[in-house]
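Now for the letters of each chain:
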Amino acid sequence: GNSVTQMEGPVTLSEEAFLTINCTYTATGYPSLFWYVQYPGEGLQLLLKATKADDKGSNKGFEATYRKETTSFHLEKGSVQVSDSAVYFCALMMDSNYQLIWGAGTKLIIKP
Amino acid sequence: NAGVTQTPKFQVLKTGQSMTLQCAQDMNHEYMSWYRQDPGMGLRLIHYSVGAGITDQGEVPNGYNVSRSTTEDFPLRLLSAAPSQTSVYFCASRPLKGYGNTEAFFGQGTRLTVV
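Chains as they are written, first to last, in my numbering: chain H, 1 to 112; chain Z, 1001 to 1115.
Hints listed in this document are in silico derivations from the structure and should not be mistaken for laboratory results.
Ideal Cβ positions, reconstructed from N, Cα and C, are used throughout, including at glycine.
It cannot be assumed that every hint is accurate.
[As the list claims (entries may be wrong)] Mimicking DSS-like on lysine-lysine, the simulated pairs with C-alpha atoms at most 25 Å apart in a straight line are:
{"hint": "1", "chain 1": "H", "residue 1": "K60", "chain 2": "H", "residue 2": "K111"}
{"hint": "2", "chain 1": "H", "residue 1": "K111", "chain 2": "H", "residue 2": "K52"}
{"hint": "3", "chain 1": "H", "residue 1": "K111", "chain 2": "H", "residue 2": "K68"}
{"hint": "4", "chain 1": "H", "residue 1": "K68", "chain 2": "H", "residue 2": "K56"}
{"hint": "5", "chain 1": "H", "residue 1": "K68", "chain 2": "H", "residue 2": "K52"}
{"hint": "6", "chain 1": "H", "residue 1": "K52", "chain 2": "H", "residue 2": "K77"}
{"hint": "7", "chain 1": "H", "residue 1": "K107", "chain 2": "Z", "residue 2": "K1097"}
{"hint": "8", "chain 1": "H", "residue 1": "K52", "chain 2": "Z", "residue 2": "K1009"}
{"hint": "9", "chain 1": "Z", "residue 1": "K1097", "chain 2": "H", "residue 2": "K56"}
[Claimed, not checked] Which residues of chain Z face chain H? A partial, calculated answer using Cβ under 7 Å:
{"hint": "10", "residue": "F1010"}
{"hint": "11", "residue": "Y1064"}
{"hint": "12", "residue": "G1109"}
{"hint": "13", "residue": "L1112"}
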């Protein structure tokens, strides 16, 4: 079946460090891929998305590229801030099905 | 623009009690869903609906009921609360057209503790 695997957290970085959160997927077909972010005490909100191979999603300095050859959608940011501390979820959705398949989430802690 | 509104934000129940978590959206979205979030397990789908009068089970439906009498509302009922239902519950909505490319909107969550 379809699934999403994320790197386990927490990930702890210093402010201005480079961030990578790994996400790989298994899917029978060509899914759309998403990153959602959950700030403390809040619901999830869409961070970025990509709907086909080689697409790059970007928002708020974060980027992720849809890599079909490695079935990956790694989240990156060049210089993190304390305000980026949150839980990040990778997810996929198939065109043939309207369900989102979620990774387990990765908690990111940024220290000043 | 209220988006997705969940109530209550916090709730403590005794084992065996029943209650309803409310969810309303004002975006005219066809698709609504309920998730539970537990540490290390991500989001697990409880029930979902693709329109008024249509509901279906997700991954973990046992112990929960839903109904969808209007497009706007999608309440989740706990029939007889158990400690295993202690969790954070999220309601989400999304348009169905172009569903491979659409954003899901989430409520702020309900933190439920069953003692």
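With chain H as the partner, please determine if Z:F1010 meets the hint condition of a C-beta pair closer than 7 Å. violated, 11 Å
Measure nothing beyond the straight line between the CA atoms of H:K60 and H:K111; if it is 25 Å or shorter, mark the hint as holding. holds, 19 Å
Against chain H, run the beta carbon of Z:G1109 and see if the smallest gap drops under 7 Å. With a closest approach of 5 Å, the Z:G1109 hint holds.
Check the hint pairing Z:K1097 with H:K56 against an upper bound of 25 Å on the C-alpha distance. Distance ~23 Å between Z:K1097 and H:K56 Cα, so the pair holds.
Are the Cα atoms of H:K52 and H:K77 separated by 25 Å or less? holds, 21 Å
Please work out if H:K111 and H:K52 have their alpha carbons no farther apart than 25 Å. violated, 35 Å
What's the verdict on H:K111 and H:K68, does the C-alpha distance respect the 25 Å limit or exceed it? Distance ~34 Å between H:K111 and H:K68 Cα, so the pair is violated.
Hint check, Z:L1112 versus chain H [nearest Cβ-Cβ separation less than 7 Å]: Violated - the Cβ of Z:L1112 stays beyond 7 Å from chain H, reaching only about 15 Å at its closest.
Under the criterion that the straight-line Cα-Cα distance not exceed 25 Å, is the pair H:K107, Z:K1097 satisfied? Distance ~32 Å between H:K107 and Z:K1097 Cα, so the pair is violated.
Could you grab the alpha-carbon distance between H:K52 and Z:K1009 and see if it respects the 25 Å cut-off? violated, 37 Å
Decide if the proposed pair is consistent with the structure: H:K68 and H:K56, CA atoms, cutoff 25 Å inclusive. holds, 12 Å
For the pair supplied as a hint, H:K68 and H:K52, confirm whether the alpha-carbon distance does not exceed 25 Å. Since the Cα atoms of H:K68 and H:K52 sit roughly 9 Å apart, the hinted pair holds (cutoff 25 Å).
Hint compliance for this structure: hints 2, 3, 7, 8, 10, 11 and 13 are broken, all remaining hints hold.
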